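S.K.: For reference, the chains in residue letters:
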Amino acid sequence: MNGAFLKFTPRQIPAYLLALLLVVSLLAPLLPLQDPLKMDTAARFAGPSGAHLFGQDEFGRDILVRLIFAIRNSLIVAFAAAILAGVIGTALGVLAGYSRGLTEMLAMRFIDIVLCFPPLLLAMLAVTLYGPGPVTLIPVLAIVFVPSFTRVAHASVLSVRSQDYVEAVRSMGASNARVMFSTILPNIAGPLIVQFSFTVAVTVVLESGLSFLGLGVLPPAPSLGLMIGTGRATLAQAPMLLVWPCAALTAMILILNAFCDDLRDRLDPKSSKIRGQ
Amino acid sequence: MFWFLRRGFASLIMLWVIVTLVFMSIHFVPGDPVELLLSQDGGSADPATVQMIREDLGLNRPIVEQYVEKLKGLASFDLGRSMVDDSSVSAEIARRLPRTLELIALAALISLVIGIPAGIYAALHTGRAFDRAASYLAGFAQGIPVFVLGTLLILVFSQMLKLTSAGGFVAFSQAPGKHIGLLLMPSLSIGIGLAAIVFRITRASTLEVLPLDYVRTARAKGLGDRRIVLHHILRNALIPVITIFALQIGSLLGGTVLVEYVFNWPGLSGMLVSGVNARDYPTVTGVILVISALFIGLNFLVDVLYGLTDPRVRK
Numbered sequence: 001m002n003g004a005f006l007k008f009t010p011r012q013i014p015a016y017l018l019a020l021l022l023v024v025s026l027l028a029p030l031l032p033l034q035d036p037l038k039m040d041t042a043a044r045f046a047g048p049s050g051a052h053l054f055g056q057d058e059f060g061r062d063i064l065v066r067l068i069f070a071i072r073n074s075l076i077v078a079f080a081a082a083i084l085a086g087v088i089g090t091a092l093g094v095l096a097g098y099s100r101g102l103t104e105m106l107a108m109r110f111i112d113i114v115l116c117f118p119p120l121l122l123a124m125l126a127v128t129l130y131g132p133g134p135v136t137l138i139p140v141l142a143i144v145f146v147p148s149f150t151r152v153a154h155a156s157v158l159s160v161r162s163q164d165y166v167e168a169v170r171s172m173g174a175s176n177a178r179v180m181f182s183t184i185l186p187n188i189a190g191p192l193i194v195q196f197s198f199t200v201a202v203t204v205v206l207e208s209g210l211s212f213l214g215l216g217v218l219p220p221a222p223s224l225g226l227m228i229g230t231g232r233a234t235l236a237q238a239p240m241l242l243v244w245p246c247a248a249l250t251a252m253i254l255i256l257n258a259f260c261d262d263l264r265d266r267l268d269p270k271s272s273k274i275r276g277q
Numbered sequence: 278m279f280w281f282l283r284r285g286f287a288s289l290i291m292l293w294v295i296v297t298l299v300f301m302s303i304h305f306v307p308g309d310p311v312e313l314l315l316s317q318d319g320g321s322a323d324p325a326t327v328q329m330i331r332e333d334l335g336l337n338r339p340i341v342e343q344y345v346e347k348l349k350g351l352a353s354f355d356l357g358r359s360m361v362d363d364s365s366v367s368a369e370i371a372r373r374l375p376r377t378l379e380l381i382a383l384a385a386l387i388s389l390v391i392g393i394p395a396g397i398y399a400a401l402h403t404g405r406a407f408d409r410a411a412s413y414l415a416g417f418a419q420g421i422p423v424f425v426l427g428t429l430l431i432l433v434f435s436q437m438l439k440l441t442s443a444g445g446f447v448a449f450s451q452a453p454g455k456h457i458g459l460l461l462m463p464s465l466s467i468g469i470g471l472a473a474i475v476f477r478i479t480r481a482s483t484l485e486v487l488p489l490d491y492v493r494t495a496r497a498k499g500l501g502d503r504r505i506v507l508h509h510i511l512r513n514a515l516i517p518v519i520t521i522f523a524l525q526i527g528s529l530l531g532g533t534v535l536v537e538y539v540f541n542w543p544g545l546s547g548m549l550v551s552g553v554n555a556r557d558y559p560t561v562t563g564v565i566l567v568i569s570a571l572f573i574g575l576n577f578l579v580d581v582l583y584g585l586t587d588p589r590v591r592k
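Residue numbers (the numbering used here), protein chains in the order written: chain A, 1 to 277; chain B, 278 to 592.
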């Protein structure tokens with residue numbers, strides 16, 4: 001099992017690409033890159049050059065640098081929302097599955113209500129009330145994905161709670177909190193990690209959609225969705241302004257999806273049967 | 278029959294919960310919601326205007342009274358008036374809803390017409406070139422966001438090849454051909470991603486049905502391939518496809534919002550996006566209520582369909 005993680009196979013390529021994305025976006029402010037907001041109106045729509053590999057946009061800003069910072073913003077929002085959703089959703093699910101009764105009923109009805117709304121609409125309702133920007137974006141995206149964590153955690157707890165080792169810890173006098181979080185939680189971590197990776201992937205898509213509509217990340221901060229939205233206006237003069245962010249966003253999503261699939265096959269062996277393998 | 282009523286009742290409860298929640302949402306906002314709605318330009322709002330809007334929205338009355346008023350309005354399909362131009366929100370929705378519905382219908386049709394035959398063919402020829410190529414393509418189509426696909430379709434077909442216009446709308450009654458032509462690209466943008474999902478599920482469920490006894494029996498009886506596929510495999514393999522398709526309705530409705538915006542299709546989304554930008558609360562809640570009701574209604578329809586095709590569900 002441990003050896004399998006170390007041996008190189010083509011299926012690990014998405015993991016390496018994702019690691020590269022994460023490292024570059026984490027270190028982006030430290031790398032010797034230009035300021036993504038620095039304008040140079042004399043060089044509007046300039047083509048690729050030595051100093052600007054991908055050319056410059058409608059304000060003369062470096063496209064490559066903006067792409068890197070846009071990916072960074074995307075991943076920051078996605079990870080922040082997924083962590084928030086994961087913590088709240090898992091706590092709710094573990095609590096519901098472990099204590100049963102009224103707590104379980106209330107928690108599960110709450111997530112049924114959230115699931116009634118198509119995710120994009122829930123986000124748009126929140127933006128109407130609170131205004132656009134990252135302060136609205138992260139909590140809203142988190143709420144949208146709380147239910148999936150709650151469901152996964154709840155179902156996993158139900159299958160684990162009556163196992164002998166849980167019974168053993170409880171009979172030794174461990175507190176409920178200890179049983180829930182240091183005995184049960186590590187044993188249901190697999191499906192939750194898979195859920196986390198899926199949430200990051202889906203959040204990237206949702207965030208880019210909102211930013212595309214002008215309701216997510218606000219200009220002048222770089223965001224892939226926003227770059228695609230503004231690139232549409234200059235479609236005829238500078239099609240590459242549109243093609244680059246489209247390609248970057250699609251590539252990022254494909255990498256995340258491939259990574260999720262691979263992770264699921266490793267951590268959740270039951271599900272690979274569905275894929276006919 | 279009892280099963281049918283119970284399912285319908287559950288849908289109504291869900292609708293009531295959504296109405297209540299959307300109603301409550303404006304009261305959840307910390308501070309004064311009206312001042313917040315008006316404060317988009319940074320400056321503080323004029324107290325007289327705040328008072329006027331508060332009265333318009335009924336926010337100065339007791340909350341229970343507002344709630345009863347809202348439910349009464351909904352019962353007669355009254356969703357209030359727009360804060361921007363005082364027009365009736367329900368009338369505007371009634372005008373735009375059919376355009377969104379035809380977009381969803383054509384997208385669904387495209388996805389089923391591509392996804393189901395491709396899925397069955399791939400399952401019957403696993404590991405061959407078609408199967409592998411289609412599986413990769415499906416992964417790609419599923420990954421690419423709808424608005425990216427739509428934007429790229431515009432770039433290629435209207436900007437580079439000059440085959441169609443970049444979007445817009447012509448009423449069906451005025452120019453039927455042009456109407457369909459303009460509908461095609463937005464529907465394709467939604468339909469392709471959906472086709473990928475239909476393809477995957479059809480392929481997987483066909484593979485599960487193939488080794489079953491009744492397929493072997495049909496083959497042993499000497500039935501032709503065509504008859505076996507259509508009558509024995511397809512009917513049983515389609516049940517999971519219906520289920521997954523129903524689960525996708527939510528993201529389908531979300532996808533239309535983006536795609537309508539990309540192609541300037543004057544459906545519900547244009548109304549929603551400009552409503553959100555103008556912080557026009559009655560318009561936004563109206564559209565959200567209608568789309569959510571649509572979501573619940575379509576899910577109910579799929580459940581009924583499901584119950585009709587599979588008697589075991591009707592317990």
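For the record, the hints were derived by calculation from the structure and aren't laboratory data. Quick caveat: nothing in here was measured; it's all calculated off a predicted structure. Backbone N, C-alpha and C define an ideal beta-carbon position, used for all residues, glycine too. Some hints could be false.
A few chain A residues that face chain B, going by a derived Cβ cut-off under 7 Å, partial list only [to be verified]:
| # | residue |
| --- | --- |
| 1 | C116 |
| 2 | L120 |
| 3 | M124 |
| 4 | C246 |
| 5 | A247 |
If you want the ones that stay clear, here's a sample from chain B, every Cβ over 10 Å from chain A, calculated [claimed, not checked]:
| # | residue |
| --- | --- |
| 6 | V299 |
| 7 | G335 |
| 8 | I340 |
| 9 | S353 |
| 10 | V361 |
| 11 | E369 |
| 12 | E379 |
| 13 | A382 |
| 14 | G416 |
| 15 | F424 |
| 16 | I431 |
| 17 | F446 |
| 18 | G454 |
| 19 | T520 |
| 20 | D557 |
| 21 | D580 |
S.K.: Give a verdict on every hint.
M.R.: Each hint, compared with the structure:
1. C116: 5 Å, holds
2. L120: 4 Å, holds
3. M124: Holds - the Cβ of M124 of chain A comes within 7 Å of chain B, reaching about 5 Å at its closest.
4. C246: 5 Å, holds
5. A247: Check failed: Cβ of A247 of chain A comes no nearer than 9 Å to chain B, outside 7 Å.
6. V299: Answer for V299 of chain B: violated, closest chain A Cβ roughly 7 Å.
7. G335: With a cut-off of 10 Å, G335 of chain B remains clear of chain A, as the shortest Cβ separation is near 17 Å.
8. I340: Label holds. Min Cβ-Cβ 17 Å, cutoff 10 Å.
9. S353: Fine: 23 Å to the nearest Cβ keeps S353 of chain B off the interface.
10. V361: 13 Å, holds
11. E369: Nearest chain A Cβ is 17 Å from E369 of chain B, so the label holds.
12. E379: Per Cβ check, E379 of chain B is outside 10 Å of chain A; nearest 19 Å; holds.
13. A382: The claim holds: A382 of chain B sits with its nearest Cβ about 17 Å from chain A, beyond 10 Å.
14. G416: 7 Å, violated
15. F424: 5 Å, violated
16. I431: Nearest chain A Cβ is 7 Å from I431 of chain B, so the label is violated.
17. F446: F446 of chain B clear of chain A: closest Cβ-Cβ about 18 Å, beyond 10 Å.
18. G454: At roughly 25 Å from the nearest Cβ of chain A, G454 of chain B sits farther out than 10 Å, so the non-interface label holds.
19. T520: Given that every Cβ of chain A is farther than 10 Å from that of T520 of chain B, nearest at about 13 Å, it holds.
20. D557: Label violated. Min Cβ-Cβ 8 Å, cutoff 10 Å.
21. D580: Holds, since 15 Å exceeds 10 Å.
Checked against the numbered hints above, the structure breaks hints 5, 6, 14, 15, 16, 20 and satisfies the rest.
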